[in-house]
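Protein chains in written order, with the working numbering: chain Z, -17 to 332; chain U, 454 to 724.
Don't read these hints as lab results, they were simulated from the structure.
Cβ coordinates follow ideal geometry from the N, Cα and C atoms, glycine included.
Keep in mind that a hint or two might mislead.
Label-pair distances were calculated between CB atoms; the ranges are [as the list claims (entries may be wrong)]:
1) U:W501 with Z:E55: 55 to 63 Å
2) Z:Q204 with U:A622: 54 to 62 Å
3) Z:P286 with U:W501: 48 to 56 Å
4) U:S571 with Z:T49: 51 to 59 Å
5) U:V559 with Z:E55: 36 to 44 Å
6) U:S498 with Z:N47: 51 to 59 Å
7) Z:Q204 with U:A628: 38 to 46 Å
8) U:F544 with Z:E53: 53 to 61 Å
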Amino acid sequence: MKLCPDHPCVAASSLAKIAISLLGITLAGCDSSSNKTLLNVSYDPTRELWQDLNREFTNTHGEANKTESGEPEVVTVETTHGGSASQARSVIEGLPADVVTLAIEPDTEAIRKKGLIDAGWKERLPNHSLPYVSTIVFVVRKGNPKQIKDWDDLIQGDVQIITPNPTTSGNGKLSFLAAWGYIIKKGGSEEDAKQFVSKLYNSKPTPILDTGARASTTTFAQKKIGDVHLTWENEAFLEVADSKGELEIVYPSNSILAEPYVAVVDANAKKRGTEKLAEEYLTFLYTDNAQRIIGKHHYRPTNPEIAEEFANTFTPIQLYPITDIVKDWDEANTKFFADGGIFTQIYENK
Amino acid sequence: MTRRVLPGFGLSLSFTLTYLTLLVFLPLLACVAQVVSLTWSEFWSAAWTVRAQSAYALTFGASLIAAMIDVVLGLLIAWVLVRYEFPFKRFFDSLIDLPFALPTSVAGLVYSSLYVQSGWLGQFLVPLGIEAVYTRLAIVLMLVFIGLPFVVRTIQPVLESLEGETEEAAALLGATRLQTFLRVIFPALLPAIITGFALAFARAIGEYGSVVFVSGNIPMQTEIAPVLIVARLEEGQYAEATSVATILLVGSFSMLVFINLLERWSKRHYA
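Bound-form chain Z, shown alone (with noise of 0.2 Å):
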């Protein structure tokens, strides 16, 4: 395995990481003009989908790349993982990512106003930038015992939930947005909506919010904890899969559409002479054959062609974008999960 020089931060903590941008060390580029190795930054539950993108598009550079001596030309795409946030902040913070495929759109935005990505980046890709998207859907236990169907379902009776955290994590904030607006779609104000997340944030038996989408899948696959688990599509198959028929999945009548971006993180691929490279990795997951792989680990295509062939996989489901429901996600970060936020509120004012 080959790895640039300046990738030991890669391993460090976030602790580590914290400190040293605290003490004003920025951490150098690597300053070779023809690089051939990439650094991509993504988040928590995209491993195995970019182990499988990342041969692919080694053996398809490959092919199509011959050294002088007629040899397939060799790249190598590193990739890392973690909660999306602390993933952007370690960008942010010096880690020398080509390129970032993070889960919801202000934690690249959050980089972008770092000025490491130049500004319009969303337009430099097919799709805004969006090779697939995913959504929230719920996992209940086999038979669905507690008939949970639909949001309404949620606060009935004694029904345990479990989410990720909306302050600490992306999927948790997902979770939140779209409950609140499951009520706004169906015409309801937002004092219903407030009252909608506080009967479901406040239910009892107390909901378990872990810090992070993994740490909530264990809670309720392992440690069999609760009703229903709010969780990423992806992670939902996964989870279904791997629960031996213990498990199943429910989708409600609607829910919100996660918009993954991934954007080339100019700065660094710059200094890095990673342009090109990195600029061929992204477009290249808009390839009949990466949308397949993207289809086969179930986030779905953006290429209603490839979509289309997995209209099996997917339950058809009323996917809306955050947009339908508040301005932008800055609004949504001050509105709901910041400082005295309506997350905030609910416990407070109870």
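Dock chain U against chain Z, hints included.
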């Protein structure tokens, strides 16, 4: 300047100062630097919300209770390990250090899977109404586990160095067993007990990795202050995150100063 008897003063002092500056003082300074970028009102509105206040109360309260339990358990364990001989004593002795070595998130995961309803212990406890996971009780129990070795390891050497003769002398002078313990042994152990308490307490204040796995992280109920720090960091609000950290730092620092004074007093009082 008079010549010192012990050589190497300059070298060792400069090493000590460099070490303390680089690894302790500078990071603390950087922490303060983050906070001073805020105005007073920004600081208070970040660090003193209703949600934050209940998180501090939980963090300090749970740490205090846990440290007290640690003192009682730790004293007992240290006593048994020093005073009695039994099979596998060395094995049990090294078990004490395990919480030092175990990654705390692993401890949290293992703990919670023991106490959940389907777990080994939970299947008996939950029907009795003892919910020892995802509650405040869980946080206290986890912190007891994390802090225990600090108490045992500070009391143990002091107890070992206590001469048996002093107890014999006390007995010969007509002291009862209880009097011997209260008037002879306990005063000698008190400084070590206080130190152990302080260490366990300070360790508990900052604990994050294990607690997030055993508490439900519900605001106002089971959310500890370090979770708030992580939440603010996720939003990229470093200064606000550091404000919360500063309250924790000031809280635990003043607690440690108080405990140090208490320890000095106890040394003077019983010397």
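Verification of the hints:
no., hint, result
1, U:W501 with Z:E55: 55 to 63 Å, "58 Å, holds"
2, Z:Q204 with U:A622: 54 to 62 Å, "58 Å, holds"
3, Z:P286 with U:W501: 48 to 56 Å, "52 Å, holds"
4, U:S571 with Z:T49: 51 to 59 Å, "57 Å, holds"
5, U:V559 with Z:E55: 36 to 44 Å, "42 Å, holds"
6, U:S498 with Z:N47: 51 to 59 Å, "56 Å, holds"
7, Z:Q204 with U:A628: 38 to 46 Å, "56 Å, violated"
8, U:F544 with Z:E53: 53 to 61 Å, "58 Å, holds"
Checked against the numbered hints above, the structure breaks only hint 7 and satisfies the rest.
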